[in-house]
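Student: Sequence:
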Amino acid sequence: MKFIDKINPFHYIFSKQESTLIMGATFEKQGDKQTETREIGNEYKKADTEKYFRPSCRSILNDQKLDYKFFQPYYEKALDNIILPASLMNSPENTLVNYFSIIREAENLTGNQVGGCGTVGMAKIPFPIAYHFFTKDYQKKVPYTAYLMSFKGIGHTNLIKLNKLSVQNQSKTTRYFIELETIEGSPKDLTYFAYYYGYVTIKNENNMF
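Just so you know, we're using my numbering here: the sequence shown kicks off at 173 and counts up by one.
Treat the hints with caution; some may be incorrect.
For each label pair, taking beta carbons as the anchor points, the in silico distance ranges come out as [to be verified]: (1) Phe349 / Asn253: 31 to 39 Å; (2) Asn253 / Pro359: 32 to 40 Å; (3) Met321 / Asp361: 19 to 27 Å; (4) Lys360 / Ser338: 37 to 45 Å; (5) Ile232 / Leu337: 16 to 24 Å; (6) Lys313 / Pro245: 21 to 29 Å; (7) Thr317 / Ser231: 31 to 39 Å; (8) Pro245 / Tyr316: 16 to 24 Å; (9) Ile254 / Glu377: 13 to 21 Å; (10) Pro315 / Ala295: 17 to 25 Å; (11) Asn262 / Pro359: 41 to 49 Å; (12) Val339 / Asn378: 15 to 23 Å; (13) Tyr240 / Val339: 38 to 46 Å.
Cut-off 30 Å, straight-line C-alpha distance, at most; resulting in silico cross-link-like pairs (BS3-like, lysine-lysine) [said to hold, decoys possible]: (14) Lys375 / Lys324; (15) Lys308 / Lys336; (16) Lys237 / Lys375.
What the hints contain is simulated information worked out from the structure, not anything from laboratory work. Positions of the beta carbon are idealized from the N, C-alpha and C atoms, including for glycine.
Based on the provided sequences and hints, a complete structural model is requested.
Tutor: Written as structure tokens, this is what we have:
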């Protein structure tokens, strides 16, 4: 996924291959690697067990306080008329934290994917705002309707990991590893936690990210 044209590109991918679009990003299923348990005497050797622990005890990172005063100017505004303040994207970290703070207040639960919590945050108002973090190139590839539907069934999103990665050249891009925790609806009229991880590429354009 890429962030907006004049206010900077944000490239957020799970896979380089064409695949399902989830939360505005290309989704790739995790491999079939299984936890391996071997008995050695009276001891058990376990590999890769950490990924099965629920990491939500961590404090969320998308913790910007965005109340109705932030969202009110965008309420019922046409998609093409939304202009975001440059202060939202004045550093790579701020771009990510602000984007996911906006998405945190968004939900796209449906009649077939409902949850016991009802309407969450600001309902669907945040989606067109978040969509304007992307470049025009991204918007040409992924129209707003497809972007919105990629959040189908998701009621809440937390950013729980954000680690900067090293780059091998002197390009204007910065890469991050991220992990997301979501609360999602289901046909069983209940909600569950799901976790996604991927990579984000932030590009510097005119001192904006």
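Student: Hints first: check each against the structure and report whether it holds.
Tutor: Consistency of the hints with the structure:
With their beta carbons about 35 Å apart, Phe349 and Asn253 fall inside the hinted range of 31 to 39 Å. The given range of 32 to 40 Å is respected by Asn253 and Pro359, whose C-beta atoms sit roughly 37 Å from each other. At roughly 21 Å, the beta carbons of Met321 and Asp361 sit within the given window of 19 to 27 Å. Between Lys360 and Ser338 the Cβ separation comes to about 43 Å, which falls inside the hinted range of 37 to 45 Å.
At about 21 Å, the CB distance of Ile232 to Leu337 agrees with the hint of 16 to 24 Å. Checked against the hint of 21 to 29 Å, the pair Lys313 and Pro245 passes, with Cβ atoms roughly 28 Å apart. The hint said 31 to 39 Å for the Cβ distance between Thr317 and Ser231, and at roughly 34 Å that hint holds. For the hinted restraint 16 to 24 Å between Pro245 and Tyr316, the CB-CB distance of approximately 19 Å keeps it satisfied.
Hint check: Ile254 to Glu377, Cβ distance near 19 Å, so the stated range 13 to 21 Å holds. At roughly 21 Å, the beta-carbon separation of Pro315 and Ala295 lies within the given 17 to 25 Å, and the hint holds. At about 42 Å, the CB distance of Asn262 to Pro359 agrees with the hint of 41 to 49 Å. Taking 15 to 23 Å as the suggested C-beta distance range, the pair Val339 and Asn378 conforms, at roughly 20 Å.
At roughly 39 Å, the beta carbons of Tyr240 and Val339 sit within the given window of 38 to 46 Å. Taking the CA atoms of Lys375 and Lys324, the gap is near 28 Å; set against the 30 Å cutoff, the hint holds. Our distance criterion of 30 Å between C-alpha atoms is met by Lys308 and Lys336, whose separation comes to about 25 Å. Under the criterion of a C-alpha separation no larger than 30 Å, the hint pairing Lys237 with Lys375 is consistent with the structure, at around 25 Å.
Of the numbered hints listed earlier, not one is contradicted by the structure.
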